[in-house]
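Given the structure of chain A, go ahead and fit chain B onto it with the hints provided.
Listed here are the chains, written in short residue letters.
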Amino acid sequence: QKEVEQDPGPLSVPEGAIVSLNCTYSNSAFQYFMWYRQYSRKGPELLMYTYSSGNKEDGRFTAQVDKSSKYISLFIRDSQPSDSATYLCAMNEGSYGQNFVFGPGTRLSVLP
Amino acid sequence: KAGVTQTPRYLIKTRGQQVTLSCSPISGHRSVSWYQQTPGQGLQFLFEYFSETQRNKGNFPGRFSGRQFSNSRSEMNVSTLELGDSALYLCASSLDRTGPYEQYFGPGTRLTVT
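Chains as they are written, first to last, in my numbering: chain A, 1 to 112; chain B, 1001 to 1114.
The following block holds chain A by itself, in its conformation from the complex (with noise of 0.2 angstroms):
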């Protein structure tokens, strides 16, 4: 069983709908979570970064993080097709230093 998993997808919505991504992790020493997106041959882009549990916002997007259920989600309101690429999770135990463990991303979709 890998450490952080995720539905590899690919995940198909029309324009406007909300989307759900989800990771689920093993390690319960994990303490800080960030979700990335890649477009195809790009380098990730950081779009939330999260430490514990509980609830952030930023615009169209919600990360949450149930540490008892060891799961993390992300949300897009009002989705759009600049929105399709590879969504990546990440997470630190926070003991020392930068050494994140990824999830195999999943990819989305949003056709017009």
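Hints may be right or wrong, so weigh each one.
Covered stretches of chain B (chain A as the covering partner; in silico rule of three or more C-beta atoms under 8 angstroms from a C-beta of chain A) [to be verified]: (1) 1009–1016; (2) 1037–1049; (3) 1065–1073; (4) 1105–1112.
I should point out that these hints are in silico values taken from the structure, not numbers from a laboratory.
Cβ atoms here follow ideal geometry from the backbone N, Cα and C, with glycine treated the same way.
Showing chain B alone in chain A's frame:
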């Protein structure tokens, strides 16, 4: 503020050769991490440098090495290249003041080993 830059962007090498990749972090960022991304394994952590010292290391063979300079720029070296080293190599920089911090990635160097 300029982002993370990586050079070269594309590289083709032959098995057995060695390669050096370069990364310039965002101004003021002192932590530089390197990752390997492949379709089969996804993004895997190679190592992290902070203040010219390797602070963390992933599970990669000793053929993979790196260093960081006093201006925080970093280089990564792969010796005795194998076909399986073909990948996108990503560099990420971070402020890292009090613990794990937001990481910002460069565009990557796409290495093809033939």
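Legend entry - Within 8 angstroms of chain A's CB atoms, at least three CB atoms from the region 1037–1049 of chain B: coverage verdict: holds (count 5)
Legend entry - Claimed coverage, the region 1105–1112 of chain B by chain A - three or more beta carbons nearer than 8 angstroms: Holds: 5 residues of the region 1105–1112 of chain B have a Cβ under 8 angstroms from chain A.
Legend entry - chain A over the region 1065–1073 of chain B, status - at least 3 residues with CB closer than 8 angstroms: violated (count 0)
Legend entry - Residues of the region 1009–1016 of chain B with Cβ under 8 angstroms from chain A, three needed, outcome: violated (count 0)
Hint check: violations occur at hints 1, 3; the rest are consistent with the structure.
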